[in-house]
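Whole structure, please, built from the sequences with the hints as guidance.
Heads up: the protein sequence lines correspond to chains C and W, in order.
Counting along the first sequence from 1, when you hit position 43 you're at 146 in the working numbering, and nothing is skipped either side.
Counting along the second sequence from 1, when you hit position 42 you're at 47 in the working numbering, and nothing is skipped either side.
Simulated from the structure, these hints should not be mistaken for laboratory data.
Each residue gets a CB set at the ideal place from its N, CA and C atoms; glycine is no exception.
Take the hints with a grain of salt, since some may be wrong.
[Unchecked claim] Taking CB as the label site, the calculated pair distances span:
| id | chain 1 | residue 1 | chain 2 | residue 2 | range |
| --- | --- | --- | --- | --- | --- |
| 1 | W | 531 | C | 114 | 24 to 30 angstroms |
| 2 | C | 252 | W | 126 | 15 to 21 angstroms |
| 3 | C | 157 | W | 553 | 22 to 28 angstroms |
| 4 | C | 119 | W | 213 | 50 to 56 angstroms |
| 5 | C | 143 | W | 332 | 26 to 32 angstroms |
[Unchecked claim] Stretches of chain C that chain W covers, calculated by requiring three or more beta carbons in the stretch to come under 8 angstroms of a beta carbon on chain W:
| id | region |
| --- | --- |
| 6 | 123 to 130 |
| 7 | 142 to 150 |
| 8 | 169 to 183 |
[Unchecked claim] Short, incomplete list of chain W residues facing chain C, as computed with Cβ under 8 angstroms:
| id | residue |
| --- | --- |
| 9 | 446 |
| 10 | 454 |
| 11 | 463 |
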Amino acid sequence: MHIHKFEQFWIKLSFVLIAFFVATVVYGFVAMDLKVIGDHATIDPQNLADTKFGNPGVREVTRNGQTEYEVYVQTIQFAFNPGTAQPIEVPVDTRVTFYITSPDVLHGFDVAGTNLNTMAIPGQVAKFTTIFPEVREYGIVCNEYCGPAHHVMEGKIKVVPKSEFDKSNLVE
Amino acid sequence: MTFIHKYPKAAKVAKANFIVAFIALAIGGFFGFVQALHRTNVFRGFFNSGEYYTLLTGHGVLLALIFTTFFIAGLFVWGVTRSLDREPENLAYTWSWFWLMTIGTIMATVAILGGLVPDSSIRAAVLYTFYPPLQAHPLFYIGLALVVVGSWMAGADWFWSYRKWRGENPNERIPILSFMTLFTMLMWYVCTIGLALEVVGLLIPWSLGLVTEIEPLLPRTLFWFFGHAVVYFWLLPAYYVWYAILPKLSGGRLFSDSMTRIVFIIFLLLSTPVGYHHQYADPGISVGFKFYAMASTLLLLLPSLITLFTVVASMEHGARQRGGKGYLKWIGKLPWDRPAFVGCALAGIMFAAGGFSGMINASMNINLLIHNTIWVPGHFHLTVGTAVALTFMAITYWLLPQLTGRKLKHKTLALIQPYAWFLGMTLMSNAMHRAGLAGVPRRTAEPEYMGFEFEPIFGTMTEMKWQIAIGGTILTISLILFLWVVVASWLAGEKSDKPVDDHIPEPLSGVEHTPAILDNMKLWFTLALVLVILAYAFPLWEMVADGIFSPGALPRPS
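Rendered as structure tokens:
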């Protein structure tokens, strides 16, 4: 087979480019802790009441001697619970783990302008951990079509200073 | 003598396919116009925001699934007939797949448009990805299934012609137009396995009420088994045009026959086992499978980069034949006043831009920044919406005279059309990409929220909104120009024995340099199946091990 020498050079360059892209992603994974959602747990979407999702909200936990928070969120047509009726309030500079599932249809849970972005799929629990670095409010957008009022589905995360974090809203 | 005079029967089949394709293009394009104005809140008087999702479903299904499939069928009928020098083997069979696809299209369209009738029970506002538990009327799923079955029969028709031809020409190499057709269809057979399992195995029985519960992740995964390869099913026919016809339109010849074949083989092998890259943000799929899909996806850059080289080299050869000189000055010698060339070339440039945003999409953890934002439709309006659609429109200016025996009318309008498309898409797509970076979601009627404002990284929200609205309007004007030129030429073009120069010259590095193993379809098809099994067998088994319909969710009206 005849491959022109320019073309051979171009093909080698292409492989270098591909290797560079794979390396970028791996570097993000390893050095910057940029993980994607994985396989956490399945759940019966018709019986969320018996699980922690039955009492959704922010929980305080102690892990490795550190105080951390767990947030259980149900995405429903057309609201985040919690998030829509009242904002999800978490302290700054603290590990927060989100657990998200849906009892009805597919939804998205996207903290606008950040890479906190997951699908909420009935039957699956999405789990991801983050640390909010600054005191501010974030919008949450449902970014998967979920029905005729999909466009009204929004919520809010309120990141507050540790000293102002109100623990009376925590759930057991 | 042109195509219609040599092969009148095949010409009729190709034209019938083009008619359905262009009707779908007209309706789907009009919906796109309404969406561009509705989303940006420039004008919301056509339909209400609930109906927006019915229009969005129509836009996606009619353009991405129906326009493409029918146009591709017409294009392949032309190419197979011409390159094997034979009419379809059995016309009753050929027309049966055409009518099956058409009936399926009508069923799906009726189900979608039913959503615009108040209180109608026939609805399908489930978008073109139709993720359950949102449920459409059974007509929708059955219609789509018929379209796919029809496309399988069409592929079988071309393999039938090939086998007959092979019987008479045992020692010939597969002609390049047929090679590209057959490999595209082999890929189509591999990837539609997922869609058939999803629609026939799960969604049709579920929409008919034979089962009530469904596990949402399983059909979603089967959809994406099909859903990425389908973009190559749209793209490879555009490549087919760029490889086989564009060099000629540039005044030159294809650079390399063997590289063309290698590119199509790589697409056959890698198109399907990459589907998980649409599910990076999904719970329930382990990171390892996602990583495997990512590596395969980035490897798919290779055939596209080779294509870039081969196509540009072929164009440069053409420009030098026309007197072009210098490192870059030859570009000016290309026929920038010929609509078919201009459309294909501008489509190629847009595809390069779409390729760059595609690399971001493919890069797993970077993808989370833009997953399901309007960046994504910004990306695929460059790829399928321009690289594919504009190539199809442009090559129509060259094919239609061959199929009708009539010269093209309104050549000036035909020339303005691809430039207008390019301009409109530049405005619309750059704004969509940037809005996506700010977090603006895709697939929403009203991207305005009460509790917060989006913070754009480049530009302002107002400027992006107007670029999308104005870009969408220019695209609509371009589409009207295209349809006008087609209808006018078809009905009233000047009849001619040779309405267009349809000669395709031999490649620079011809088939005599091409290793025979590249034509071994059984080998490559088997290898493709093995790669798919490696990618999908284990994760699918994990999903169905606890019961195919479990954990089960109840259906919800769309």
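Hey, does the residue 446/W contact hint survive, CB to chain C under 8 angstroms? Holds, about 4 angstroms.
Closer than 8 angstroms Cβ to Cβ for three or more residues is the test here. Does the region 123 to 130 of chain C pass it with chain W? n = 4 at 8 angstroms, threshold three: holds.
Three residues minimum, CB to CB under 8 angstroms: does the region 169 to 183 of chain C make the cut for coverage by chain W? Let me know. violated (count 1)
Starting from the range 22 to 28 angstroms, see whether the pair residue 157/C and residue 553/W falls in it by beta-carbon distance. Since residue 157/C and residue 553/W have Cβ atoms about 27 angstroms apart, the given range 22 to 28 angstroms holds.
Any CB of chain C closer than 8 angstroms to the CB of residue 454/W? holds (5 angstroms)
Between residue 143/C and residue 332/W, does the beta-carbon spacing fit 26 to 32 angstroms? At 55 angstroms between Cβs, range violated.
Status of the given 24 to 30 angstroms range, CB of residue 114/C versus CB of residue 531/W: For residue 114/C against residue 531/W, whose Cβ atoms are near 25 angstroms apart, the range 24 to 30 angstroms holds.
Looking only at beta-carbon atoms, does the pair residue 252/C, residue 126/W fall within the given range of 15 to 21 angstroms? holds (20 angstroms)
Beta-carbon spacing of residue 119/C to residue 213/W - inside the hinted bounds 50 to 56 angstroms or not: Distance hint for residue 119/C, residue 213/W holds at roughly 53 angstroms.
Going by Cβ atoms only, is residue 463/W closer than 8 angstroms to chain C? Status violated, d = 13 angstroms.
Count the residues of the region 142 to 150 of chain C with a beta-carbon closer than 8 angstroms to any beta-carbon of chain W: does the count reach three? holds (count 7)
The structure does not agree with the numbered hints 5, 8, 11 stated previously, though it agrees with the rest.
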